[in-house]
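Spelled out, the chains give:
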Amino acid sequence: MKQEGIIEAQQEDRGTTHQRKFEKVNEIIGRLGRSRSALVPILQEVQEEYRYLPEEILTYIATALGLSPASVYGVATFYAQFSLEAKGKYVIKICDGTACHVRGSNPVLEAIKKRVNLQGNKSTTDDLRYTVETVSCLGACGLAPVVMINDKIYGQMTPEAINIIIDELEKEDAADE
Amino acid sequence: MSKQTPNQLAQWKKEWRQGFEREKARILVCAGTGCVANGSLDVYAALKQEVEARGAYVTVDVLLEKEETGVSVVKSGCHGFCEMGPLVRLEPSGILYTKVKAEDAAEIVAALLDGKEPVERLLYRHPVTNEVYAEEEQIPFYHHQQRTALVHCGQIDPEEIREYIADGGYEGLQKVLTTMTPEQVCQEIIASGLRGRGGGGFPTGRKWEFTRIEKSDQKYVVCNGDEGDPGAFMDRSLLEGDPHRILEGMAIAGYAIGANEGYIYVRAEYPLAVQRLKKAVADAEKYGLLGQNILGTDFSFTLKIKEGAGAFVCGEETALLASIEGKRGMPSPKPPFPAQSGLWGKPTLINNVETFANIPQIIVKGADWFSQIGTKNNAGTKTFAITGQVANTGLIEVPLGTTLREVVFEIGGGIRDGKKFKAVQIGGPSGGCLTKEHLDLPLDFDSLQAAGAMIGSGGLVVMDESTCMVEVARFFMNFTQNESCGKCVPCREGTKRMLEILQRAVDGEGQPEDVEILQDLAEAVRDGSLCGLGKTAPNPVLTMLKYFKEEYIAHVVDKKCPAGVCSALKGYWIDPEKCKGCSKCARHCPVNAISGEIKKPYTIDETVCIRCGACVSTCPFKAIKEG
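Read top to bottom, the protein sequences are chains S and Y.
Take the first sequence: its letter number 31 is residue 32 in the working numbering, and every next letter is one higher.
Take the second sequence: its letter number 79 is residue 112 in the working numbering, and every next letter is one higher.
Just to be clear, a hint being listed does not mean it is correct.
List time: in silico DSSO-like cross-link candidates among lysine-lysine, alpha-carbon distance up to 27 angstroms [unchecked claim]: (1) Y:K360 to S:K94; (2) S:K94 to S:K115; (3) S:K25 to Y:K132; (4) S:K153 to Y:K132; (5) S:K153 to Y:K579; (6) Y:K337 to S:K25.
None of these hints come from the bench; they were simulated from the model.
Based on the provided sequences and hints, a complete structural model is requested.
Dropping the structure here:
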């Protein structure tokens, strides 16, 4: 019986977090409206809140907007900004635009992956600390190669420089904890 | 705000201009994305603190409202010379300091306030001639430019609407509202010869006229700021550096076509541009320059900002409209054109950011003024983002018809590190490459199209002899293949197969017959795709095959990469003239691929060599060559 008790408690716990989840979503939908054209902005804010788009929230949004879950899923998977999997606390975007590419963005990417220990096609670390992805252009070509961590841009990157920046992030994190 | 009259604008202009003229001096710190990344906000804070400490600081509010004077310190938009950032410009002297750090603030302020010579070590020094330039306009990078769309970028505070108005802002809007009919406005734009700056080069005025003559209860104006071409950042610079100019251009368009609602679609990757635009819209509404009954007239126009969510194809106009409507951003066949059936099926005018930026001046200075810039059929100026292996990278603006040579060698300052010019990739993934034969080609819509390239949005990547053109073609094909939305088969499948063939070539597994297949596929994708993305995706490959076919053949037939970039094709050989036969390389080779007799030139057995490069670094005579 003890086992069941734990499962019940877990379910209950999940229930309240779910409720809280939907409260926030309701607030976003209430503010942006229920028209179809609000769908992309709603998904953007939801993603901002949770760092990804949980499946049950996509279904919830579909019902709220009177759309089929398939069409919401279609939009969520079409745009590169949206992720159906949880992203890390730090989203590291390496620009692989033309200017960055010809000035050596690839060694920087390799250095980051090695540093945060990401192998193969995985883009997020298991501890949900880092997500590493490439983007086509950040529009800061004069500073190539460029890396963006969350909303901050770092220019003229080298494998050594990116390691120093990650050192600093880890130091800040350690201080916060 | 109380009801406006059209004269209100002239009063503001006069009053605020006098206010700004009271300024003793002004320090403009670049706060574009590039300079901010290099720490310009710290520079700004330090300069402000320094001027305050000297008791000379004045805010714009005090300057304009209390009629006091002093030195102001403001943040400007992007100068386009991001590589030299953080940039600090002084007014009225026009001095430009480069690579400024917060620690330099005291010295800069002391030189300014005590009337001393400018701080020489912070002035621009030409990387080749070593000459030092104090004034921004004298630096060769700027001297050969003609900045009309970018005129305010780096020169004014983009977040201060009063400065835009003091410099004649919104006069174009006032002029059309009070003295012109919508038809006259369209005619004026047609007469100016302005062509769309987003890539296609369609005559802007005709697009306006098509939308104007449609009868509908509702029309829309849309600004396409989904700048997705890797290597182009003119829209970002304009939106960050002079947002009111875009709003004014859009409001004029709204009046001309009979629309009272507009949307600005901006890439999600440009958070600073979104922030500045939001402030600009709120300020324009506050001063009655957007919203209901603009300047007391019957014309109303409201603007909304839509953030993109990351899809290159949304730069295509029908895909962009689908995206605003909350759908997957996929293009639809034309006709119907957006001018007939656009946003929610209503007539819609879509223009690029730079196109709108040109509108206010055409209205104020007249179509004749504009049509005299540039060449026949290619009126006006165009911005280009010049990047890659060139001495000065940045955003420039030149009259259409300027030659490639002037852009690369005079403005760009030539190739870095004394290397040789090889090619220019123009127009991003939709454009093509041009070679040294094209250096005297005028950069305009028609000449480039004839050469198989296109202006596109204006990305211009300069490549030197160390660039492999096959790898570059593969790079662009990888990009378009990733961004293909998947709606039509030629683009979805064709780009995938083309990428496979190019990948094989750089991996050293190319087949001689690939040349023909690649050519056929490229033509099929170009002719069969639904939208501009697919129609232009083969351009980089086609121009590579046209101008650098030998390089491609070298990859697939001889299995060599002449530029020495593709690691799978790297080969090593020993120059018999330089080899002294010391045997050092043979001893270091991990697979015993090198053999020979002492004091005679050694040789590498290519069938055994694993291309590790260990021999290159050990040779004391630099006799081992790559390629």
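*Decide if the proposed pair is consistent with the structure: K94 of chain S and K115 of chain S, CA atoms, cutoff 27 angstroms inclusive.*
Distance of about 15 angstroms is within 27 angstroms: holds.
*Assess, step by step, whether the Cα of K153 of chain S is no farther than 27 angstroms from the Cα of K579 of chain Y, and give holds or violated.*
violated, 41 angstroms
*Does the alpha-carbon distance linking K25 of chain S and K132 of chain Y stay inside the 27 angstroms limit?*
violated, 45 angstroms
*Straight-line Cα separation of K360 of chain Y and K94 of chain S no greater than 27 angstroms?*
holds, 26 angstroms
*Taking only the CA atoms, is the gap from K153 of chain S to K132 of chain Y under or equal to 27 angstroms?*
holds, 19 angstroms
*Do the alpha carbons of K337 of chain Y and K25 of chain S lie within 27 angstroms of each other, as the hint requires?*
holds, 24 angstroms
The structure does not agree with the numbered hints 3 and 5 stated previously, though it agrees with the rest.
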